[in-house]
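Asker: So the protein lines, in turn, are chains X and Y. Following my numbering, the numbering of the first sequence begins with 1 at its first residue and continues without gaps. Following my numbering, the numbering of the second sequence begins with 744 at its first residue and continues without gaps.
A few of these clues could be false.
Below, a list of computed lysine-lysine pairs in the DSBU-like style, where the Cα atoms sit at most 35 Å apart [what the hints assert, rightly or not]:
#, chain 1, residue 1, chain 2, residue 2
1, X, K159, X, K120
2, Y, K1044, Y, K1065
3, X, K526, Y, K1115
4, Y, K1065, X, K526
5, X, K614, Y, K852
6, Y, K1218, Y, K839
7, X, K329, Y, K1117
8, Y, K1285, Y, K1218
9, X, K329, X, K250
10, X, K329, Y, K1115
11, X, K329, Y, K1241
12, X, K376, Y, K852
13, X, K159, X, K438
14, Y, K1081, X, K346
15, X, K376, X, K172
16, Y, K1349, X, K94
Read the hints as simulated data drawn from the structure, not as lab findings.
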Amino acid sequence: MLSLGSGGGKSAKPSFVSYVTPEEIKLTEKELSRKESHPDLLPGEVVFCSASPILKYTQDDLSQRGVFGTLFCTNFRISFISDEDPLDEAQLFKNKLYGENDIPLTCVDHIYGGYDEKKKLITGGQVRNKYPSKIIIHCKDLRVFQFALTYAKEEEAKKIFQGIIHHSLEPKSLKCIFAFSYCEKATSVSDIQKIQRTVMFDTVEDWTQEMKRTKGNCKVVSANEDFSLSPKLPQFFIIPTAVLHEDLTKFQGKGLPIWCWSHHSGCALFKTASLPLMQEDGFSQTYKIYMERMLNAVAQTHLYSVKTEELSDTLPTIQDIQQSYSRFKQFFLIDNTTEFWLSDVKWFSSLESSGWLDIIRQYLNKAVEVIECLEKENTNVLIMEEDGSDLCCVISSLVQLMLDPYFRTLAGFQSLVQKEWVTGGHSFLDRCNHLHQKDKESQSPVFLLFLECVWQLLQQHGPAFQFSETYLTVLSDSVHVSIFSTFLFNSPHQRANIMKAESPQAQRGPLNCPTVWDWSLQFERKAQDLFTNPLYTEKTKQDKSLRKTYRPKHQRQLSLPSSAFKSTPKKGFFKEETDSLKKMLRVKRISRWLHSPDSAQASTQEFYEAWQRKPLDYHGLVLPCLDGPAMRVWMQRYLRWIHEVQIFGGGAITVTSKLADLVGEVQELRRELERQACQADSNPRRAAVLSKSSVRLSSAFPFAHSRVWSFKPAIPTSLLKSLMITGSLADQDDEDTEAVGVV
Amino acid sequence: MIERVLEQEEVITQVLAADNKINRHLVPTWHIDVLKSVDKALSPLLEFTDALSVQNTKKIRNRRLNRCFRASRESLKMEPLADVPLLPGEERVIDKDIIYMCPFSGALKGKVFITNYRLFFKSADMDPAVTLNVPLGAINRVEKMGGASSRGENSYGLDITCKDVRNLRFALKQEGHSRRDIFEILFRYAFPLSHGLPLFAFLSQEKFEENGWNSYSPMQEFRRQGLPNDKWRITFLNQSYELCDTYPTILMVPYKATEEDLRKVATFRSRCRIPVLSWIHPDNLAAITRCSQPLVGMSGKRNKDDERYLDIIRETNGTTSKLTIFDARPNVNAVANKATGGGYEGDDAYQNAELVFLDIHNIHVMRESLKKLKDIVYPNVEESHWLSSLESTHWLEHIKLVLSGAIQVADKISSGNSVVVHCSDGWDRTAQLTSLAMLMLDSYYRTLRGFQVLLEKEWISFGHKFASRIGHGDKNHADADRSPIFVQFIDCVWQMTKQFPTAFEFNEHLLVTVLDHLYSCRYGTFLYNCESVRDANEVRTKTISLWSLINSDQTSYINPFYAAESSRVLYPVASMRHLELWVTYYIRWNPRIRQQQQSPVEQRYKELLALRDQYLKKLEELQLSDSTPHLANSTAPSSASPTQRVTHLHTPF
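Let the hints inform the model, and build the full structure from the sequences given.
Answerer: And the structure:
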């Protein structure tokens, strides 16, 4: 058998210390001449403490090999600066805010302490007189860091350990979040123009424009401009025209059907924070009457039909999502090679038992059900949920993404996130637990779940999306970088309040935190090119004229025959609404009896198959295939840091980069042609020399770039033990049917 | 003659009736065959009858034919005889009204045609029509289903199990023993060898531009590898299969070993399959050699000649390190083989060698594994526990073991150590390991023609028992000798192409085509167990090679993303994280799995290439029109252009 970890041996740099013993360290310490290295601090960033020498283990083997350096803890990040001179490689995809050895404090997921071979989970607040010899940091972007503290002075080691624990695990107040120190000092305020036509949905015009774009016939309300109506609702929102003004102020916006999107047929999708209908107290009757009026208002939008769906009845809850994801992410937080190969054997069943893919499937399936109502039956749909800002956000944005090609462009997608999530009041602060609250009930990766669903669609229908997998991965990472206002707050109301309160000079107006959509803060222009999907083509001809109107209209599709007036008893989940709420409740109960969920499932499948039979239009409706083999793991996000599974010189990226090169070349040619066409004095240079990128990429591209490349194969260990093949077959010889004549 | 025409007439009226009903929603592929047949059959009919409304038919006919013929060029290559597109040499045997119990669209009425090559079914009342086109060679088993007195709709008929991961069920009318003739004919023609009939490959009259039998020449291949050299020589000892009847005639052996040595070694290797060279590294001269297990037996016999022979192999590239012997089997199986006279190279006897067991299971385990896989993907994909069901088939785990075995072989060779690979007889697992390792090490085998050489050499000439493993034309479906070893190998190749999408000149379509013709019996390439039997049956002269088909129409098998990179070793990652089920092969019959003629990526790439060429042409034209005045300043900008180009490289839309 090949020896383990032979891979890195050959490429070891002089300062890589193998099998370090304390005696050796005394020597190296003197040689190290204690360089005063500092991380390049961001505006407003302050170093709390530091320690050196700290050994950072290279993740991919057990041989205690690593690199020495200094560990810092600032108000933004934990940063490791290697004593080694940084490799002077031009990193195409370098993040300008934090490097590959930096962990933003909000990105820390768990910290483990290594106490004499034992690994213990560290939680904030516990007695920490004894600091561990080694700390293992699991990050929310799935990186794993291991630092040995034993080589540093005891005082320093203790201090850095306590500092890290304090700042990344213990509860803090919102104003301690780095963003506030940052934007106080940061000079460049993000330019709206730079944000690539992303609609922020913080003005009346944005909403009016959006309703015009989708040809909706509802009304924009600005009664909440000062958040007097409801702290949960955005300043401006859209409701059915039939909702009376006096109904606005009841129940703090609960039960109000908030418009999301209009289908070209006229029907529309609404969401609402549901009222507690089932309570048997005095309120419940008022609630019911109110709800009935609201439903009527929704129904009047189109053809007097509406279907309602209480999402939490049929979908996994945010706690389910959290639990499942906790199990799922463990498969990728790998400490060492042996652990990796051991877990490899049971990979598929582990994946299944985490339930993560199944949750993704259920959410996608629900979105398809809603689409069926809108697209096939042309009924209005009202989705409900307690706060109307978790499951509703996932479903409504998925529905819009599948139906409306505009949202599959980069600007459109960002606008969608702004519309449904940011101004829609998704509690990013609580769900991401940026403040390390002990009460973890409210923590849940709901937004990540949405991105996962988008990724599934993207990998099934690549050409339909203008953005790339890399874009989604980066976006999922950015959630945990506490600089962007986008993911910092629980609601627009909270955002407005805090910004006002934290501003140093009240007269200068509220603070202006950058939004995540200003990608130039994180990446150079060239790196941002990796966000676009070379498979995407813009709609030809008719669309070109539309583009001049700044925002493309969403595509009109051929509808299936409308059956809005007929009752469709097939639907199990959706309750038929007529005019009476009582009837609705009864129908709801009856529907449980009459229609098993199977029939709804069958109907959705039929809908999918009918769609599938038609030629695929990437600028029309796209639906996900939800069969087992079609649901996949988001390889780039989850496997990028795991050395063992990197395919050197391979992976889908080799094709994508080839495609991107060709796209670049074609554009260059087109420009050249245009130049020649309009300029008389065009130079006759041959622009089109094949621009083959000679750099070989690995499957983890563009992440994990500076790893030392190993040209030795990863060979699975412990293979046989794993294979549970029993029975007589395995013991037979290949030729047992023939008489063996060789004895 | 009259009879025949009347028979035709009936069919035609039926077809036309069905045809007219759906007049408006014409889908070209559906109608092409029908229309051709109508066209063909009508011409004689016109003379006989005026009953048919000739005018109408003609109108419809002409209009559609024009459209349809343009739509489908592929089928034009085949001779449209009667209702089925027939291959040259293919003959119709029987046709019958039947109900196809389609697992995806329910019971479908239609007509089944059986020729000496295929079973062809076309539904009458579906739009678009459902067709089945199954080479009889792909049939594993034909059974009667239900009896004359069976109750229930469509319970009387035929149940056909195929080798290509699907089952077909047909229902017939219960009265009058309606299935007797079709069952017997199917049984006869699906299993010709069991009935004293020739395989279709010997009847086919197909003609191709290129003769695929010339695609592999052992001498040429050895010469490509720089052989013979001063360490390796060719031996003709097996010229008439005297040394080993399952080996090819030309063998590459160490220069130092005499013919006498070879004969002695043969006595100590199972079925006389002595270690011979498969591949040699061009730089470090480390060699992959293959053989069968040593005949150690219970008593632990030793053979000085064999021991010396392996030592000679070790020395050929001048290294002092040990020779690595890869025994593909799990350790326990190797031990168990001692009971039947086999075994493995013990430490005492082979002191300059290290033995590594690769833990790959035997043909029976693989057969059961694929059977389980079929259960979860056909007809319906297991829904509720897809991942754990997939895991419980162990199919991908076996793939992982085979791949990681090959990686280890390739790794040893790269670091300059020669290796010996064997399993029990050295024709199943050994072929998998050597050919996969060669695919990793030598970019030539990743080209379309190189891959043919690889298959011809490591699999066909070295006696992988295709006839026994596939059971060509043989009715004994339960034969324990059958096993999908070659399918497994092709799956491994597919996994590699997935991990390195630009490293292979051929595409997925080639792999699927190879597997389809592994069963079809249309070409001689995969027939029989070894070269000696193939010679005896004159396969090269009496049948056509699959490579004739492939090489005469290479474009459809070419991967547009291929970037030739010689001397690059590919190490795939043999982790379950990267292995995936080959959906487009194993689940290709399921219409829910969207079958795209061309992947969108491929399509986009080709569009862009066309666009680039178009622009280049325009640019050239422009430059031609005003080139002379600017020649003077052409040098300066072009020197600046590279940097400029780089900045534009990743410009988005």
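Asker: Hint by hint, note whether the structure agrees.
Answerer: A quick look at each hint next to the structure:
For the hint linking K159 (chain X) to K120 (chain X), the alpha-carbon distance of about 19 Å falls within 35 Å, and the restraint holds. The suggested pairing of K1044 (chain Y) with K1065 (chain Y) holds, with an alpha-carbon distance near 22 Å, which does not exceed 35 Å. Only pairs whose Cα atoms come within 35 Å are accepted, and K526 (chain X) paired with K1115 (chain Y) is rejected, the gap being roughly 49 Å. Taking the CA atoms of K1065 (chain Y) and K526 (chain X), the gap is about 51 Å. The hint is violated against a cut of 35 Å.
Taking the CA atoms of K614 (chain X) and K852 (chain Y), the gap is near 24 Å; set against the 35 Å cutoff, the hint holds. A hinted pair counts as satisfied when its Cα atoms are at most 35 Å apart, and K1218 (chain Y) with K839 (chain Y) qualifies at roughly 23 Å. Restraint check for K329 (chain X) and K1117 (chain Y): the C-alpha separation of about 31 Å stays at or below 35 Å, so the hint holds. Note on K1285 (chain Y) and K1218 (chain Y): the hinted pairing holds, with a Cα-Cα distance of about 23 Å set against a maximum of 35 Å.
Of the supplied pair hints, the one linking K329 (chain X) and K250 (chain X) is violated, its CA atoms being roughly 43 Å apart against a limit of 35 Å. Our distance criterion of 35 Å between C-alpha atoms is met by K329 (chain X) and K1115 (chain Y), whose separation comes to about 30 Å. Distance restraint check for K329 (chain X) and K1241 (chain Y): the Cα-Cα separation of roughly 25 Å lies within the 35 Å cut-off, and the hinted pair is therefore satisfied. With a CA separation close to 30 Å, the supplied pair K376 (chain X) and K852 (chain Y) stays within the 35 Å bound.
The suggested pairing of K159 (chain X) with K438 (chain X) holds, with an alpha-carbon distance near 23 Å, which does not exceed 35 Å. About 33 Å separates the Cα atoms of K1081 (chain Y) and K346 (chain X), which keeps this hinted pair within 35 Å; it holds. Straight-line distance between C-alpha atoms of K376 (chain X) and K172 (chain X) comes to about 50 Å, which puts the hinted pair past the 35 Å bound. Restraint check: the Cα-Cα separation between K1349 (chain Y) and K94 (chain X) comes to about 32 Å, which is no more than 35 Å; the hinted pair holds.
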